[in-house]
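Peer 1: Sequence:
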Amino acid sequence: MNPPEKHIQELVDGCRKKNVQSQEQLYKHFYAYALSVCMRYTANYDEAMEVLNDGFMRIFKKIKLYNSAYPFKSWLRRIMINIALNNQKKYLKHKQGQEIEQASDKHAVDDTYSQLQYKELVALIQLLSPGYRAVFNLYVIDGYTHEEIAEMLKISVGTSKSNLSKARANLRKLLRENYKDEYTRYAR
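Here the sequence shown is numbered in full-length UniProt numbering, starting from 1 and rising by one per residue.
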């Protein structure tokens, strides 16, 4: 175990003993990372902060379930994603259901994605509908398969592929609109 992992394990052990200082240090240590995960799955900063705080509350409550044979960061990320997805489900229950068209997944991510600053990409992703945003993040950013996504979100594999295709199309449209404005401003 290298020194940072050892320090994290000491903090986890302190959290298991309900040590407030250990909880505070663990929160501060993973705050930026957890917030970046939450921002990808939510529509705005306030919603991300709600997910982040709910996530840390769950972490501190369930810390005894953490298996130290695996990286803590992965466990934390999984919890943050689950809370964000659960919040999305609550939001979607309040909205009227909409039919999802099946579409093929034939478009690759544009090279433009790799040229964007992280904050710009997150801001564009936040403009996607919750369903598209979740599938895009899980597939493109977090590397889950369509089968895993379908199981997590309780949707079909086809719906996962369709949502990814539509998310990519919407992002391409947003990118064109965003860069068109930038080019127009500088062309004058």
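Hint data in this document are derived by calculation from the structure and do not stem from the laboratory. Accuracy of the hints is not assured; some may be wrong.
As the list claims (entries may be wrong) - Ranges of calculated distance between the beta carbons of each label pair, as one might list FRET restraints:
| no. | residue 1 | residue 2 | range |
| --- | --- | --- | --- |
| 1 | A123 | T145 | 40 to 46 Å |
| 2 | E50 | K119 | 15 to 21 Å |
| 3 | D142 | E5 | 18 to 24 Å |
| 4 | K28 | E177 | 24 to 30 Å |
Unchecked claim - Straight-line alpha carbon distances no greater than 25 Å define the calculated PhoX-like cross-link-like pairs of lysine-lysine that follow:
| no. | residue 1 | residue 2 |
| --- | --- | --- |
| 5 | K90 | K6 |
| 6 | K17 | K90 |
| 7 | K166 | K154 |
| 8 | K28 | K6 |
| 9 | K62 | K17 |
| 10 | K62 | K73 |
| 11 | K6 | K17 |
| 12 | K89 | K61 |
| 13 | K6 | K73 |
| 14 | K119 | K64 |
| 15 | K73 | K28 |
| 16 | K61 | K18 |
| 17 | K6 | K18 |
| 18 | K28 | K161 |
| 19 | K90 | K154 |
| 20 | K89 | K6 |
| 21 | K62 | K119 |
| 22 | K119 | K61 |
| 23 | K89 | K161 |
| 24 | K73 | K119 |
| 25 | K17 | K28 |
| 26 | K154 | K89 |
| 27 | K89 | K166 |
| 28 | K28 | K61 |
| 29 | K73 | K18 |
| 30 | K18 | K89 |
| 31 | K154 | K119 |
| 32 | K62 | K28 |
| 33 | K64 | K6 |
| 34 | K62 | K6 |
| 35 | K18 | K90 |
| 36 | K61 | K73 |
| 37 | K62 | K18 |
None of the values given here were measured: they were computed from a predicted structure. The beta carbon of each residue, even a glycine, is placed where N, CA and C say it ideally should be.
Peer 1: For every hint, state whether the structure bears it out.
Peer 2: Tested hints:
Taken as a hint, the range 40 to 46 Å is violated for the pair A123 and T145, whose Cβ atoms sit roughly 27 Å apart. Under the hint 15 to 21 Å, the C-beta atoms of E50 and K119, about 20 Å apart, fit the expected range. Distance hint for D142 and E5: a CB-CB separation of about 22 Å, consistent with the stated range 18 to 24 Å. Our hint of 24 to 30 Å for K28 and E177 is violated, since their Cβ atoms are close to 38 Å apart.
In summary, the hint linking K90 to K6 is not supported, as the alpha carbons are separated by about 38 Å, beyond the 25 Å threshold. With a C-alpha separation of about 33 Å, the suggested pair K17 and K90 falls outside the 25 Å cut-off, and the hint is violated. Pair hint K166 plus K154 holds up; C-alpha atoms about 18 Å apart against a cutoff of 25 Å. The straight-line distance between the Cα atoms of K28 and K6 is roughly 17 Å, inside the 25 Å bound, and the hint therefore holds.
Between K62 and K17, the direct Cα distance comes to roughly 12 Å. Compliance with the 25 Å bound is thereby established for this hinted pair. The straight-line distance between the Cα atoms of K62 and K73 is roughly 15 Å, inside the 25 Å bound, and the hint therefore holds. With a C-alpha separation of about 17 Å, the suggested pair K6 and K17 falls inside the 25 Å cut-off, and the hint holds. For the proposed pair K89 and K61, the alpha carbon gap of about 22 Å is at most 25 Å, so the pair holds.
At roughly 13 Å between alpha-carbon atoms, K6 and K73 fall within 25 Å of each other, so this suggested pair holds. Of the supplied pair hints, the one linking K119 and K64 is violated, its CA atoms being roughly 34 Å apart against a limit of 25 Å. Using a Cα cut-off of 25 Å, the hinted pair K73 and K28 holds, with the two alpha carbons roughly 13 Å apart. Restraint check for K61 and K18: the C-alpha separation of about 9 Å stays at or below 25 Å, so the hint holds.
Our distance criterion of 25 Å between C-alpha atoms is met by K6 and K18, whose separation comes to about 18 Å. A hinted pair counts as satisfied when its Cα atoms are at most 25 Å apart, and K28 with K161 does not qualify at roughly 37 Å. Among the hinted pairs, K90 with K154 is consistent with the structure: their alpha-carbon atoms are about 14 Å apart, no more than 25 Å. Distance restraint check for K89 and K6: the Cα-Cα separation of roughly 37 Å exceeds the 25 Å cut-off, and the hinted pair is therefore not satisfied.
Only pairs whose Cα atoms come within 25 Å are accepted, and K62 paired with K119 is rejected, the gap being roughly 31 Å. A threshold of 25 Å between alpha carbons decides the hint, and for K119 with K61 the separation of about 31 Å lies outside it, so the pair is violated. Restraint check for K89 and K161: the C-alpha separation of about 19 Å stays at or below 25 Å, so the hint holds. Our distance criterion of 25 Å between C-alpha atoms is met by K73 and K119, whose separation comes to about 21 Å.
Restraint check for K17 and K28: the C-alpha separation of about 18 Å stays at or below 25 Å, so the hint holds. For the given pair, K154 sits about 10 Å from K89 by alpha-carbon distance, which is consistent with the 25 Å threshold. For the hint linking K89 to K166, the alpha-carbon distance of about 19 Å falls within 25 Å, and the restraint holds. For a cut-off of 25 Å, the pair hint linking K28 to K61 stands: about 17 Å separates their Cα positions.
With a CA separation close to 19 Å, the supplied pair K73 and K18 stays within the 25 Å bound. For a cut-off of 25 Å, the pair hint linking K18 to K89 is broken: about 31 Å separates their Cα positions. Between K154 and K119 the CA atoms are separated by roughly 29 Å; this puts the pair beyond 25 Å, and the hint is violated. The straight-line distance between the Cα atoms of K62 and K28 is roughly 18 Å, inside the 25 Å bound, and the hint therefore holds.
The straight-line distance between the Cα atoms of K64 and K6 is roughly 17 Å, inside the 25 Å bound, and the hint therefore holds. A hinted pair counts as satisfied when its Cα atoms are at most 25 Å apart, and K62 with K6 qualifies at roughly 20 Å. The hinted pair formed by K18 and K90 fails the criterion: a straight-line CA distance of about 30 Å is larger than 25 Å. At roughly 16 Å between alpha-carbon atoms, K61 and K73 fall within 25 Å of each other, so this suggested pair holds.
Restraint check: the Cα-Cα separation between K62 and K18 comes to about 11 Å, which is no more than 25 Å; the hinted pair holds.
Hint violations for this structure: numbers 1, 4, 5, 6, 14, 18, 20, 21, 22, 30, 31 and 35, all remaining hints satisfied.
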